[in-house]
Amino acid sequence: MGEFLQSLVRGLGTGSIYSLLALGFVIIYKSTQVISFAQPAFMLAGAVLVSYLAPVTGFFGAVAVAAVIIAFLALGVERTVLRPMVGKPVFVVAIITIGVDVVVRVVTNAFIGLEVRQVGDPWGLSTVTFLGVDVQSRYLVMFGTTAVVTVALFAFFQYSRVGLAMRAVAYDQEVALAQGISVGSVFALSWALAGGLAALAGVFVATGAGVDQQLWIVALKALPAIILGGLESLGGAVIGGLAVGVIESLVGTYQGSFAPWLGPNFALVAPYALMLLVLLVRPYGLFGKREVERL
Amino acid sequence: MRGRPELYTSYAQDMAFLNTRPKRIASGALLIVALLLPFMITDDLLQLLATGFVAAIGAIGLNIVTGYAGQVSLGHAFFLAIGAYTGAALSGNPNGRVIGFGITSLPIWLLASGLVAALFGVLVAPLAVRLRGLYLAIVTLGLVFLGDHVFREWTELTGGPGVGRPAAVPELFGVRLDRNSAFLTGPQQLYLLMFVLLVIFGVLARNLVRSRIGRAFAAVRDRDLAASVIGVDLTKYKVLAFAISSFYAGVAGALLFVVNGFFDPGSFSLLLSVQYIAMVLIGGAGTISGAIMGALFITLLPRITRELPAVLPFISGDATGNFTVFQLEAVLYGVLLIVFLIVEPRGLFGIWVRVRNYWRTWPFSY
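Respectively, the protein sequence lines represent chains A and B.
Each residue of the first sequence is one higher than the one before, counting from 1 in this note's numbering.
Each residue of the second sequence is one higher than the one before, counting from 1 in this note's numbering.
In short, the hints are calculated from the structure, not lab data.
Incorrect hints may have been included.
Derived CB-CB ranges, DEER-like [said to hold, decoys possible]:
| hint | chain 1 | residue 1 | chain 2 | residue 2 | range |
| --- | --- | --- | --- | --- | --- |
| 1 | B | Asn207 | A | Lys88 | 44 to 50 Å |
| 2 | B | Gly261 | A | Tyr254 | 48 to 54 Å |
| 3 | A | Ala152 | B | Gly261 | 53 to 59 Å |
| 4 | A | Glu115 | B | Arg212 | 56 to 62 Å |
| 5 | B | Val122 | A | Gly87 | 31 to 37 Å |
| 6 | A | Gly263 | B | Pro22 | 53 to 59 Å |
Some, not all, of what chain B presents toward chain A, calculated at C-beta under 8 Å [claimed, not checked]:
| hint | residue |
| --- | --- |
| 7 | Leu123 |
| 8 | Leu141 |
| 9 | Leu146 |
| 10 | Leu225 |
| 11 | Leu281 |
| 12 | Ile304 |
| 13 | Leu308 |
| 14 | Val311 |
| 15 | Val325 |
| 16 | Gln327 |
| 17 | Ala330 |
| 18 | Gly334 |
| 19 | Val335 |
| 20 | Leu341 |
| 21 | Pro345 |
In this text, a Cβ means the ideal position worked out from N, Cα and C, and glycines have one as well.
All chains, please: the whole structure from these sequences, using the hints.
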């Protein structure tokens, strides 16, 4: 039971990282109908930025500053690279974001170098006793922070005027334009939000082990999460992210004794296997919108 | 019709393989140049070009499913891997460290690689029937990760990461093509082999896309719902597109490492898929010649960037400097992808069309 609880908490902790990233993907998708493959690069850049800023401003200040800087970086990318492509096929735009990802990541890698950089977080690998088992405190922090951020985001979309504008654009861009909403600034804002969320996620990934050049691969786990939850659903993104984290962690704990023929490290690809299975049953994810098609 | 070469009096003429005289002349000239090339340039360049030709076969395959049939696939690396391991296992040494069956005859393992990959394509295709657009892209991306895991763990077949296994053995009518023979060196023979195969597969693909099947693909791409209303069987043509594309990928995968002679399971990552997408998009989606141009361009890019340190001294030529050629190469990929898609969405092929149209009406601008 202790092992199960430990594994569950670990899963929820890493799952909340995936949730943050998945929220970014979904926010961009809802406003622009594009999946931004640049999220991994923004995540990496956020973590690296914190590793440079933390000695100067302290960890929490560094996280705040980094999230803002990455948000502006994402906004700049949207303005310069994505804006000319409005109205072009979404697949082409998605491939452009792969290009952005490669460029940002290579530049960021130059700042990482070959060693592992520490972000200077106060938790490290320390553990606390939670419900009778020892769990790493950073997982609890991740889960708590994500819960707060998610609630804040939902409140923002539900109650603020800007949030309402973003929902309107997601619903129908032309009608939103006709109501006097600046669709362009909604696009920019959604990229900025996604960038900030990615930076925060990056910091969480880097707690404990630190930042190296391979960190970005973690962000790709958010893709099964958004597919599981359904591309249009913010709630689905959070649940999908947590589900992916928990599945990964549980498979990592138990697969070695129950299904060793799958090979070690199967946990790393378990989310993708889960995604394939879910999609065969529900092609629009668990909470996605079934498209109504007309000729 | 004399003196009016562009006047067509039948559909057959319009749809002909090379429908204008300049095309016939240019194709003939290109063919002759390509056949003479192995006797004029050095062996290492020939090896690079041979790899480029193989990549072109793979890019044509991806273009069939993505450019013509409009089904976005990020899973091309998976199908390349299937082909590579089928070819290598069939032709491998039966008494070696990894699985091998000792069937070294090139036509047999080449066809088998294509067919096995096509089989996997057919297995994946039902997903494409149920999903569309970016959902499909992400699912095929998941395929790459799952495949990567299997190939890393199945060390009896792949040799394991970091170790690898020998590639397929190119033996044609009892002659090892990768070894020097009485008349030609190994690289010259491989270059000619790959070129001939590229021509065969290129012509096959070109014929396919101007047939009934090709038109059905285009209809599915442009609006699949409308296509099904006018009587195009969506399931059939999506499965067909994946099968053909995977066949090409399998063939390309089996040949891809023949030039180097060795490969490891780490080669078939997401990066490889992105490279093939880049080939198709930089070359020009929905064109066979574009896929070939894009493949050659992407394959030759590292070679070009490697020459840059001599010209631009602030770039360091080894892996230790502040701004290395390897970083430059990676950045160039990204920048080229962005610039091409924004400025010239039809890729190299689009540039060629513009140049051609400019000179066709020269000195007038219309």
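- Message: Would the hint on B/Gln327 be counted as holding, given a Cβ-Cβ threshold of 8 Å to chain A?
- Response: holds, 5 Å
- Classify the hint on B/Leu341 as holds or violated, based on whether any CB of chain A lies nearer than 8 Å to its CB. holds, 5 Å
- Does B/Leu123 meet its interface restraint, that is, does its C-beta lie within less than 8 Å of any C-beta in chain A? For B/Leu123, the interface hint is violated, since the closest Cβ of chain A sits about 11 Å away, which is over 8 Å.
- Query: Are A/Gly263 and B/Pro22 spaced within 53 to 59 Å by their CB atoms?
  - Reply: holds, 56 Å
- Does the Cβ distance between A/Ala152 and B/Gly261 fall inside 53 to 59 Å? holds, 57 Å
- At the C-beta level, are B/Val122 and A/Gly87 separated by a distance inside 31 to 37 Å? holds, 35 Å
- Okay, A/Glu115 versus B/Arg212 on CB: inside 56 to 62 Å? holds, 59 Å
- B/Pro345 as chain A interface residue, shortest Cβ-Cβ below 8 Å: holds, 7 Å
- Message: Under 8 Å is the threshold here; is the Cβ of B/Leu146 close enough to any Cβ of chain A for the hint to stand?
- Response: With Cβ-Cβ at 5 Å, under 8 Å, it holds.
- Should the interface hint for B/Val311 be scored as holding, given a Cβ-Cβ cut-off of 8 Å against chain A? violated, 20 Å
- Query: Is it true that the C-beta distance of B/Gly261 to A/Tyr254 lies inside 48 to 54 Å, as the hint says?
  - Reply: violated, 41 Å
- Was the hint right that B/Leu141 lines chain A, CB cutoff 8 Å? holds, 7 Å
Checked against the numbered hints above, the structure breaks hints 1, 2, 7, 12, 13, 14 and 15 and satisfies the rest.
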